[in-house]
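Now for the letters of each chain:
Protein chains: 2
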Amino acid sequence: MKRYTVLLVAAFFFSVFSNAQEKVAKWDVFELTLKGNEQGNPFINTAFSAVFRHGNKEFQPEGFYDGNGLYKIRFMPNEEGEWKYLTKSNKAELNNKSGSFYCTPAERENHGPVSVQNKYYFAFADSTNYIPFGTTLYEWAFQSAEKKAQTLATLQQAPFNKVRMLAVPPYHKRYVEGPGKLTVFPFVGTEKENFDFSRFNPLFFQQLEKDVLALQKLNIEVDLILFRPYDGGKWGFDQMDRETNDRFLRYVIARFGAYHNIWWSLSNENSFIKHLTDEDWDHYFQVVQQYDPYQHLRSIHNADRIYDYKKPWVTHVSLQYYNAVRVFGVSPLLRDIYQKPIVHDEINYEGNIEKRWGQLTGEELTYRFWTAYIGGAYATHGEALEEGWISLGGKLNGTSPQRISFLRKIVESAPKDWLPLDQYYLLNAVGKYGAYYLYYFGKETPSEWAFSLPDEGLKDGMKFKVELIDTWNMTIKPVDKVYEVQKLNNYAFIDKQKSKVKLPGKPYMAIRITRLDIPTMASRTEGEKKN
Amino acid sequence: MKRYTVLLVAAFFFSVFSNAQEKVAKWDVFELTLKGNEQGNPFINTAFSAVFRHGNKEFQPEGFYDGNGLYKIRFMPNEEGEWKYLTKSNKAELNNKSGSFYCTPAERENHGPVSVQNKYYFAFADSTNYIPFGTTLYEWAFQSAEKKAQTLATLQQAPFNKVRMLAVPPYHKRYVEGPGKLTVFPFVGTEKENFDFSRFNPLFFQQLEKDVLALQKLNIEVDLILFRPYDGGKWGFDQMDRETNDRFLRYVIARFGAYHNIWWSLSNENSFIKHLTDEDWDHYFQVVQQYDPYQHLRSIHNADRIYDYKKPWVTHVSLQYYNAVRVFGVSPLLRDIYQKPIVHDEINYEGNIEKRWGQLTGEELTYRFWTAYIGGAYATHGEALEEGWISLGGKLNGTSPQRISFLRKIVESAPKDWLPLDQYYLLNAVGKYGAYYLYYFGKETPSEWAFSLPDEGLKDGMKFKVELIDTWNMTIKPVDKVYEVQKLNNYAFIDKQKSKVKLPGKPYMAIRITRLDIPTMASRTEGEKKN
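Protein chains in written order, with our numbering: chain W, 1 to 531; chain F, 1 to 531.
These are calculated hints, taken from the structure and not from any lab test. Just so you know, these numbers come straight off a predicted model, no measurement behind them. Keep in mind that a hint or two might mislead.
The list makes no distinction among identical chains, and a pair is therefore deemed to hold if it is satisfied within one copy or across any two copies.
Stated by the list, open to error - The list that follows gives simulated cross-link-like pairs (lysine to aspartate or glutamate, EDC-like), each with its CA atoms no further than 16 angstroms apart:
1) K355 <-> D422
2) K217 <-> E177
3) K481 <-> D196
4) K498 <-> E354
5) K84 <-> E109
6) K355 <-> E484
7) K416 <-> E109
8) K97 <-> D470
9) K465 <-> E484
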């Protein structure tokens, strides 16, 4: 994306610029910059926002102080045509500034922000389907330029379209000493425990913005983690008072809210910030809800106390519960409990570290991914091999990413409204009744599968093709037979000839069954089969 | 229990009775009967309640019209000593009547009402542990006297201490025609669709009370199901308006609330009553919460829409989700989500009927029970063999009840605050760290188990005994070895000699591990081992 900046240093310039109307693509960022007063504490004493209007649409993003006497307001237009704005401030030089810009059609790869669609699913604002395949890169933004470039290059080849990352670095030895030493923090001050929580450090956020925009360029959503418990009593970023936290949230929203690829993750492992109760989190959710004009996705990632994802300001579930993807059937239950999209945002990592959360084999992590998606949910990857991907980024060395890529192609070629099938009785099937069925056998090693489908949507005589999927070796082999279904009883249809599908007796196999007499369904899976 | 009745036909008698003070045992029922006016509709136009006082304690149960001009108020005292009462009514003959009774110590088997204790557990009011092992007897109360006597005789021998039963019969052919024909309904009228919903039929409730009290005599809790969707457009009991439903709830509470063994199940399969929204159920929960002076347990049993059990008026989860007990690990997650006791109140039934919810083998139902309890949850039995136990009662013919009895003895001999162990990583263990461990292998058929316990609560040198439990054949065999633990890593302790426990390579096995150097733990399991 390009950033459009209007710098207004005086009313005179303003009128000039106003005549040569700026153009901003839909879901891109219009940025207004005003020269203001640097006196006092501009982070504390400045009320600054603007109303943007187009037809009946009205948005009121807050502005922010960006240092050097510059005040900015960012805005993401969501309709083509002329938008007019008028600033409001308690400071004369920032108040009552008006102007307009013209919103042009969205650029090719910008589908707008992601939101929840059809209760359990996600979609971009232009209705393009979005199916999250996340990865974890908590601290990648706080590494060297070289390392970050390497991370971005890796991501360009990886199957991931969402990154979970911290907005604020965790306390770590390497950030205080050694080559990875941090010099810029979100607040004015140094690591020597003398941060001035009343003053943000614009440079920190400017750098972070570049990283968020670099991911945006790769069409990767950013699940930006606002709070985290990882200070160990050192920097105090997890011990700030409510006033500071509120100000921090509004500042981050003012800076990042206009980026279409932003999601808000209120916290990582929130309950490890021990002094904050669920009622505190209710409050912070509501602050985000109130100040984000675009209502980006909002969730929170749990530690040992699961926040109530039913609460109205939570858009989707962002769960850390490893066992929920180790057995079948949990994700359908979670869908039914929460009636929201279920994202398993931490399911242990492929790795070989001493900590047991980073000891999965590639097979196991791939298995957990399949278990999530077969249950109508989503999962997030992580790697804790030598390079420490989840913390630092860099290169991926695991064996799961290519299998996740294989899974992603299968999922993206499936009907977008797939769901767990017959979910009170079946454990391992997802699909669309009468059209598409994906059965996954996980660690079971069946040598055959008696062709049988839940009755919903079926009629005698419907024809299906079957493909054997080896989820680990990444092969899809068609079975050379057309299956014609026949009602068995009130619950199931079987193959007319009572055929069984032969399976190789090894783990990690799946079966894909596609209706043959729906042209769109039969051809839908052709593309990725050839990969 | 005995029922104590004070019949006040005139103020004169009242003062006489008042001098010869009645005695009522703690958690038993004091019943005040007043002769009133029969004119008009006493169910609609009579406000009638009483305040009962003892020290600082005050309760205000509503009264009810019991037919024949008699108005009653029932009260369950929860403290010994003198209780005074004063009636309130909009009818002079029921208003301002005062009196007192003396509350004596509880009778031996009356431990008071059950409530939630320690977040995930239940206990009687006298702190006696209560671990639900329920069964389902939806319509037993609407059968012949002979059948009911048979059901009670069966229950006397059965392992069940909770019965789920309907307060109102479902529409069924047998209740309209044939020998099972019902003649008494909750409302005045007959099955010919002319019920007067403004008038209760006291006889119906008097009969139901006898059944509830018969179960009380067997120390069985009654999970009384207030609404149900099973009318198929016939009687209309599931289509009553809010005013009628509210009146019905208050009438049932007035009649049954003073019985210590009552639980309120707002509905069975609530979402099948299609016109009632979750907001409607919120309302009905709040009516029960408002009018029940004793705050008996409250939950609701779902169909295809799971009510939000996090809501504050829900005391425990009463779930129908079969797959949640088919795999390990779900109950611990449900505990963490809801932070309330988890009762799997419908997990399919042992049976051989055409409906697939009644087709479980005894092995499968036993397995599901174990899966529930190993996850720190509770389960409810049902049988759909020839006799139709879940509907009609009678005899039990299944193979699961005696296994459930075996399980119950094991559970009751375990530490009462057991919990799922290491629940983010382990799937199949419940117990108390450092003291007691129960591992269940379900359908897995291991031939050995490498002795390994989660590290919490352990120190090098602690000694344990191991018993092999065959959950199907109901045997408990001690392993002739003392296991001494030694730290393996940050997560586990293993046997010093790296011993493995030999298993018979068949399904449904469990291992019980008990600390030897805690005298109370070592002896705790002796009793039931000999059974």
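Hints, one by one, checked against the model:
With identical chains, the CA atoms of K355 and D422 are at most 16 angstroms apart between copies only, with a shortest distance of 15 angstroms across copies and 38 angstroms within one. Within a single copy, K217 and E177 get their C-alpha atoms no closer than 32 angstroms, and across copies no closer than 73 angstroms, so neither meets the 16 angstroms cut-off. With identical chains, the CA atoms of K481 and D196 are never at most 16 angstroms apart, being 71 angstroms at best within one copy and 63 angstroms at best between copies. Within a single copy, K498 and E354 get their C-alpha atoms no closer than 50 angstroms, and across copies no closer than 21 angstroms, so neither meets the 16 angstroms cut-off.
Taking CA atoms no more than 16 angstroms apart as the test, K84 paired with E109 passes in neither setting, with 26 angstroms inside one copy and 77 angstroms between copies. Proximity of K355 to E484 under the C-alpha cut-off of 16 angstroms is found in neither arrangement, the shortest distances being 51 angstroms within a copy and 25 angstroms between copies. For the homomeric pair K416 and E109, neither the shortest alpha-carbon distance inside one copy (20 angstroms) nor that between copies (59 angstroms) is at most 16 angstroms. Taking the closest pair of Cα atoms, K97 and D470 never come within 16 angstroms of each other, the shortest separation being 62 angstroms inside a single copy and 80 angstroms across copies.
Proximity of K465 and E484 under a CA criterion of 16 angstroms is satisfied intra-copy only: 9 angstroms inside one chain copy versus 57 angstroms between copies.
The structure shown violates the earlier hints numbered 2, 3, 4, 5, 6, 7, 8.
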